[in-house]
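Which chain is which? The protein sequence lines are V and E, in order. Each residue of the first sequence is one higher than the one before, counting from 452 in the working numbering. Each residue of the second sequence is one higher than the one before, counting from 452 in the working numbering.
Think of the hints as simulated: they come from the structure by calculation, not from any bench. Each hint should be verified, as a subset may be incorrect.
Stated by the list, open to error - Derived coverage of chain V by chain E (criterion: at least 3 residues anywhere in the stretch with Cβ under 8 Å from a Cβ of chain E; other residues may be distant):
hint, stretch
1, 584-590
2, 645-659
3, 694-707
4, 808-814
Unchecked claim - Pair ranges (Cβ atoms, derived):
hint, chain 1, residue 1, chain 2, residue 2, range
5, V, PRO505, E, ARG698, 37 to 47 Å
6, E, PRO538, V, ALA633, 24 to 34 Å
7, V, ASN628, E, GLU932, 39 to 49 Å
8, V, PRO538, E, SER813, 37 to 47 Å
The beta carbon of each residue, even a glycine, is placed where N, CA and C say it ideally should be.
Residues per chain are reported as follows:
Protein chains: 2
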Amino acid sequence: MTQERARVIKIHDRDNVAIVANAGGLPSGARLPDGTVLLEAVPPSHKVALADLPAGAEVIRYGQVIGKAARPIPRGSWVDESLVLLPEPPALDDLPLDTGHAPALPPLPGYSFDGYRNADGTVGTKNLLGILTSVQCVAGVVNVLARRIREELLPRYPNVDDIVAVNHSYGCGVAINAPGAAVPIRTLQNLARHPNFGGEAMIVGLGCEKLEADRLVPQDERHACAGCGGCGGEGPPVLLLQDEAFRGFGDMMAALMRMAGERLERLNRRRREPCPASDLVAGVQCGGSDAFSGVTANPAVGYAADLIVRAGGTVMFSEVTEVRDAIHLLLPRTADIWVGRALLKEMAWYDRYLAAGGADRSANPAPGNKRGGLANVVEKALGSIAKSGSGPIVDVIGPGERVQKSGLVFAATPASDFVCGTLQLAAGMNLQLFTTGRGTPYGLQMAPVLKVSSSQALSERWSDLVDVDASRIAGGGATIEEVGWEIFRLVLDVASGRKRAAADRLGLYNDLVLFNPGPVT
Amino acid sequence: MTQERARVIKIHDRDNVAIVANAGGLPSGARLPDGTVLLEAVPPSHKVALADLPAGAEVIRYGQVIGKAARPIPRGSWVDESLVLLPEPPALDDLPLDTGHAPALPPLPGYSFDGYRNADGTVGTKNLLGILTSVQCVAGVVNVLARRIREELLPRYPNVDDIVAVNHSYGCGVAINAPGAAVPIRTLQNLARHPNFGGEAMIVGLGCEKLEADRLVPQDERHACAGCGGCGGEGPPVLLLQDEAFRGFGDMMAALMRMAGERLERLNRRRREPCPASDLVAGVQCGGSDAFSGVTANPAVGYAADLIVRAGGTVMFSEVTEVRDAIHLLLPRTADIWVGRALLKEMAWYDRYLAAGGADRSANPAPGNKRGGLANVVEKALGSIAKSGSGPIVDVIGPGERVQKSGLVFAATPASDFVCGTLQLAAGMNLQLFTTGRGTPYGLQMAPVLKVSSSQALSERWSDLVDVDASRIAGGGATIEEVGWEIFRLVLDVASGRKRAAADRLGLYNDLVLFNPGPVT
Numbered sequence: 452m453t454q455e456r457a458r459v460i461k462i463h464d465r466d467n468v469a470i471v472a473n474a475g476g477l478p479s480g481a482r483l484p485d486g487t488v489l490l491e492a493v494p495p496s497h498k499v500a501l502a503d504l505p506a507g508a509e510v511i512r513y514g515q516v517i518g519k520a521a522r523p524i525p526r527g528s529w530v531d532e533s534l535v536l537l538p539e540p541p542a543l544d545d546l547p548l549d550t551g552h553a554p555a556l557p558p559l560p561g562y563s564f565d566g567y568r569n570a571d572g573t574v575g576t577k578n579l580l581g582i583l584t585s586v587q588c589v590a591g592v593v594n595v596l597a598r599r600i601r602e603e604l605l606p607r608y609p610n611v612d613d614i615v616a617v618n619h620s621y622g623c624g625v626a627i628n629a630p631g632a633a634v635p636i637r638t639l640q641n642l643a644r645h646p647n648f649g650g651e652a653m654i655v656g657l658g659c660e661k662l663e664a665d666r667l668v669p670q671d672e673r674h675a676c677a678g679c680g681g682c683g684g685e686g687p688p689v690l691l692l693q694d695e696a697f698r699g700f701g702d703m704m705a706a707l708m709r710m711a712g713e714r715l716e717r718l719n720r721r722r723r724e725p726c727p728a729s730d731l732v733a734g735v736q737c738g739g740s741d742a743f744s745g746v747t748a749n750p751a752v753g754y755a756a757d758l759i760v761r762a763g764g765t766v767m768f769s770e771v772t773e774v775r776d777a778i779h780l781l782l783p784r785t786a787d788i789w790v791g792r793a794l795l796k797e798m799a800w801y802d803r804y805l806a807a808g809g810a811d812r813s814a815n816p817a818p819g820n821k822r823g824g825l826a827n828v829v830e831k832a833l834g835s836i837a838k839s840g841s842g843p844i845v846d847v848i849g850p851g852e853r854v855q856k857s858g859l860v861f862a863a864t865p866a867s868d869f870v871c872g873t874l875q876l877a878a879g880m881n882l883q884l885f886t887t888g889r890g891t892p893y894g895l896q897m898a899p900v901l902k903v904s905s906s907q908a909l910s911e912r913w914s915d916l917v918d919v920d921a922s923r924i925a926g927g928g929a930t931i932e933e934v935g936w937e938i939f940r941l942v943l944d945v946a947s948g949r950k951r952a953a954a955d956r957l958g959l960y961n962d963l964v965l966f967n968p969g970p971v972t
Numbered sequence: 452m453t454q455e456r457a458r459v460i461k462i463h464d465r466d467n468v469a470i471v472a473n474a475g476g477l478p479s480g481a482r483l484p485d486g487t488v489l490l491e492a493v494p495p496s497h498k499v500a501l502a503d504l505p506a507g508a509e510v511i512r513y514g515q516v517i518g519k520a521a522r523p524i525p526r527g528s529w530v531d532e533s534l535v536l537l538p539e540p541p542a543l544d545d546l547p548l549d550t551g552h553a554p555a556l557p558p559l560p561g562y563s564f565d566g567y568r569n570a571d572g573t574v575g576t577k578n579l580l581g582i583l584t585s586v587q588c589v590a591g592v593v594n595v596l597a598r599r600i601r602e603e604l605l606p607r608y609p610n611v612d613d614i615v616a617v618n619h620s621y622g623c624g625v626a627i628n629a630p631g632a633a634v635p636i637r638t639l640q641n642l643a644r645h646p647n648f649g650g651e652a653m654i655v656g657l658g659c660e661k662l663e664a665d666r667l668v669p670q671d672e673r674h675a676c677a678g679c680g681g682c683g684g685e686g687p688p689v690l691l692l693q694d695e696a697f698r699g700f701g702d703m704m705a706a707l708m709r710m711a712g713e714r715l716e717r718l719n720r721r722r723r724e725p726c727p728a729s730d731l732v733a734g735v736q737c738g739g740s741d742a743f744s745g746v747t748a749n750p751a752v753g754y755a756a757d758l759i760v761r762a763g764g765t766v767m768f769s770e771v772t773e774v775r776d777a778i779h780l781l782l783p784r785t786a787d788i789w790v791g792r793a794l795l796k797e798m799a800w801y802d803r804y805l806a807a808g809g810a811d812r813s814a815n816p817a818p819g820n821k822r823g824g825l826a827n828v829v830e831k832a833l834g835s836i837a838k839s840g841s842g843p844i845v846d847v848i849g850p851g852e853r854v855q856k857s858g859l860v861f862a863a864t865p866a867s868d869f870v871c872g873t874l875q876l877a878a879g880m881n882l883q884l885f886t887t888g889r890g891t892p893y894g895l896q897m898a899p900v901l902k903v904s905s906s907q908a909l910s911e912r913w914s915d916l917v918d919v920d921a922s923r924i925a926g927g928g929a930t931i932e933e934v935g936w937e938i939f940r941l942v943l944d945v946a947s948g949r950k951r952a953a954a955d956r957l958g959l960y961n962d963l964v965l966f967n968p969g970p971v972t
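Can you build the whole structure from these sequences, using the hints too?
Spelled out as structure tokens, the structure:
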């Protein structure tokens with residue numbers, strides 16, 4: 452039992468619950484600053500009732516209804532998830548298209564980072580050889596290739612950071628003409644164009660797959676390369692293992708190594724140059740959230756998101772199921788009715804997708820979220836959207852599409868960390884901000900990921916695995932603004948290669964996972 | 452243009468089409484043995500009309516209708532896929548449950564192999580340390596772990612073949628209570644029990660994921676291990692990265708390495724011993740099929756399947772969409788009406804699954820199949836089921852379930868090579884026979900895969916990538932029986948570790964892919 456002063460976090464004046472901020476939780480009998488006496492022990496980041504709530508009363512956090520009391524809840528009780536009944540989600544049809552209420556943020560000029568400028572205007576934050584695949588059939592060969600390149604070629608090209616083999620389970624054995632197939636296909640097309648690949652990604656296909664490999668390159672480059680080397684490496688970037696020129700495995704590997712070598716040669720000549728912060732394309736995401744996430748890490752990342760947007764950059768927020776219940780708060784922030792309609796359309800698509808699979812949004816949150824004090828997806832959503840900051844939403848893109856506009860963009864994706872990460876990469880993300888409360892060693896090889904910890908316990912335990920400790924906000928050790936600026940400055944340092952994210956330091960990289968709403972065959 | 456004698460393969464007396472067997476195809480004007488003169492050039496393994504077919508006439512191969520003529524097709528024409536209209540699939544409701552027509556095969560005693568016998572009665576063909584994961588969040592850590600084990604520990608345990616990290620995209624960000632969720636969950640549970648892991652698989656979880664890690668171990672072992680080592684390695688095989696005992700990444704890795712070391716110690720003591728061929732659990736599969744597949748590689752594998760069944764072993768065939776159109780030929784081979792009903796149930800489930808995703812079986816075949824001469828899924832299915840040999844179907848298991856009976860079993864899976872391979876492994880497969888016509892470098896790390904080539908062109912080009920050349924059957928250089936026996940003997944040698952499969956020799960391994968019919972969230 453802790454002897455320290457009882458601390459709770461109440462966010463909005465209307466709130467009738469607050470969360471326990473003491474890292475060890477609070478014992479029964481503890482007295483809160485407002486005079487409430489705990490009727491039972493409450494774990495850290497879990498909710499306590501600040502008033503007597505009759506059965507059916509609205510449970511209010513963030514000034515919003517997160518559910519109704521399942522039975523009478525006396526003041527001082529632990530408001531456990533079982534006591535909060537999930538409300539109906541806002542009906543999409545009834546929402547007024549009353550958009551344009553978020554004023555533009557004031558400009559923030561003068562910030563820059565050192566990036567790799569590409570011919571298409573995008574800017575890379577890493578210098579990577581990308582090896583895309585049109586089908587999983589080639590993964591075994593590509594994995595052997597990646598090991599050989601790393602051992603035999605990479606040491607000769609010191610300006611190239613690494614190679615990335617984008618293996619995936621799509622490409623064949625799938626319904627390539629099903630309504631959902633456009634999503635994984637455009638995701639692969641856009642991953643091949645990722646700014647950190649510098650226009651030099653190579654594509655390895657088999658030859659008989661449904662997703663024909665040359666669909667991954669722009670139309671005017673579509674003819675396959677036999678790896679003969681006759682073009683001096685200026686030819687199209689596609690190699691098919693079934694090419695009749697190859698007599699066995701040795702031939703394939705020789706051609707692949709030649710193709711990689713030519714690309715490494717050119718990548719090695721890339722140099723960082725000063726780029727305005729407006730060239731940042733940041734994704735924000737959360738994973739393993741707890742009830743602190745919505746008051747520490749997410750608002751701090753939201754503040755940093757505002758700074759990036761003010762500097763002219765692009766920030767994507769995502770995770771449809773985690774914003775669905777806060778749609779009534781987001782719609783007024785869309786820039787105009789076209790953006791508003793696009794946002795509603797993505798929500799409606801996902802509602803139907805889940806229903807077709809016999810699921811709904813109650814499939815979220817995860818057990819760990821609940822142990823972290825999040826009663827349901829409404830409470831999770833209210834905390835989740837804090838990552839988007841306060842600016843107007845200027846655009847909405849579908850899963851796997853590429854960002855077109857600067858400013859705050861909603862990039863519709865599932866909430867699954869790796870699926871969301873993959874889709875944000877396809878959208879052109881060159882750096883990700885990732886908040887976590889329970890803790891995840893998440894990392895992406897294609898772009899730096901900065902992990903922001905929401906809770907004191909995690910920040911202490913995982914000091915080498917997280918990049919920023921936002922839990923100080925709950926303890927009063929730092930303000931949201933201060934941590935937001937710290938994140939923003941770290942973003943510029945990491946995008947410049949001056950500092951490394953924890954995941955890059957430790958080499959912790961998750962696999963990319965394509966979102967395929969269609970069936971496998 | 453080839454000067455060699457024109458050769459075609461006609462399978463059944465009723466057939467009104469045959470496929471060109473000459474490796475270079477046949478030119479216009481070539482005269483077939485039956486007197487048919489080609490009206491146009493026909494590529495190898497493509498079909499030629501042996502009679503004038505009026506519009507709407509039945510096109511017959513394998514003695515079965517593979518479609519109807521889209522327009523009048525004169526004798527000697529190339530019967531290209533566009534000329535064959537896809538027929539309706541056999542309606543499942545109308546099929547008579549007239550089962551039990553395949554007589555039991557004669558026993559074949561006296562064959563054995565040297566395997567690793569496990570406490571649960573299963574037999575391993577490799578000696579592997581399995582590292583299962585409950586969620587993709589841990590993949591980055593597990594990949595670093597796998598590299599460290601391979602470099603630091605494995606050299607000390609020469610009797611252990613390798614380590615296998617079973618990463619996957621399931622476990623969180625999914626609808627864990629959706630109707631389809633049972634499939635990926637039982638798949639992971641059964642992969643953990645795979646015979647080649649010798650009962651020593653370790654499970655790495657995060658801690659807050661929806662698929663709680665201890666669900667991957669049998670009920671009586673379900674309490675998580677903090678990796679303290681206090682139990683001397685006899686404790687439960689689950690380690691959670693979020694365990695509060697870990698102060699950062701170094702602690703996690705130390706505990707994981709300790710856990711792995713204890714298991715490697717025990718695995719290293721395993722020894723091969725003579726086991727009857729009845730301990731074989733073989734899967735058969737095809738990938739990148741052509742029109743030769745159904746007359747060379749698939750029948751040869753079918754003959755070998757019969758030999759394994761006659762020796763008392765188990766053979767699984769799979770790939771629902773590729774047998775769906777031959778259901779009327781399979782149903783009479785089911786042992787009794789219970790097996791027949793189970794077979795129909797799996798077909799009906801898949802029909803519904805595809806329809807829900809806006810697809811149907813016409814999503815198969817792939818473009819490469821078509822270039823290989825397969826007009827549609829009916830023709831593909833008729834060739835595909837040849838892999839199952841001629842014995843009675845004694846059981847049907849659902850995706851991810853474990854085989855229970857010896858003999859020929861239908862293991863319902865999608866046709867996607869990696870999804871099917873993963874599900875056959877979960878079923879307990881200790882060796883796979885894989886036929887290919889177009890060529891794929893497919894391999895599985897968990898069990899040996901023997902690749903059987905259907906065409907002469909592929910066998911010549913990929914001599915180091917395929918294990919058995921079945922194309923000799925088309926050229927008259929070997930009979931189906933001879934190649935079948937060759938495969939059977941090779942199975943016993945490879946299962947014994949005396950010979951290595953091409954994929955193992957070259958280190959070509961595809962990733963496992965879970966079948967998740969449910970939505971992601």
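Structure-based check of all given hints:
| no. | hint | result |
| --- | --- | --- |
| 1 | 584-590 | holds (count 4) |
| 2 | 645-659 | holds (count 3) |
| 3 | 694-707 | holds (count 6) |
| 4 | 808-814 | holds (count 5) |
| 5 | V:PRO505 with E:ARG698: 37 to 47 Å | holds (45 Å) |
| 6 | E:PRO538 with V:ALA633: 24 to 34 Å | holds (29 Å) |
| 7 | V:ASN628 with E:GLU932: 39 to 49 Å | holds (41 Å) |
| 8 | V:PRO538 with E:SER813: 37 to 47 Å | holds (43 Å) |
This entry satisfies every hint, going by the numbered hints stated previously.
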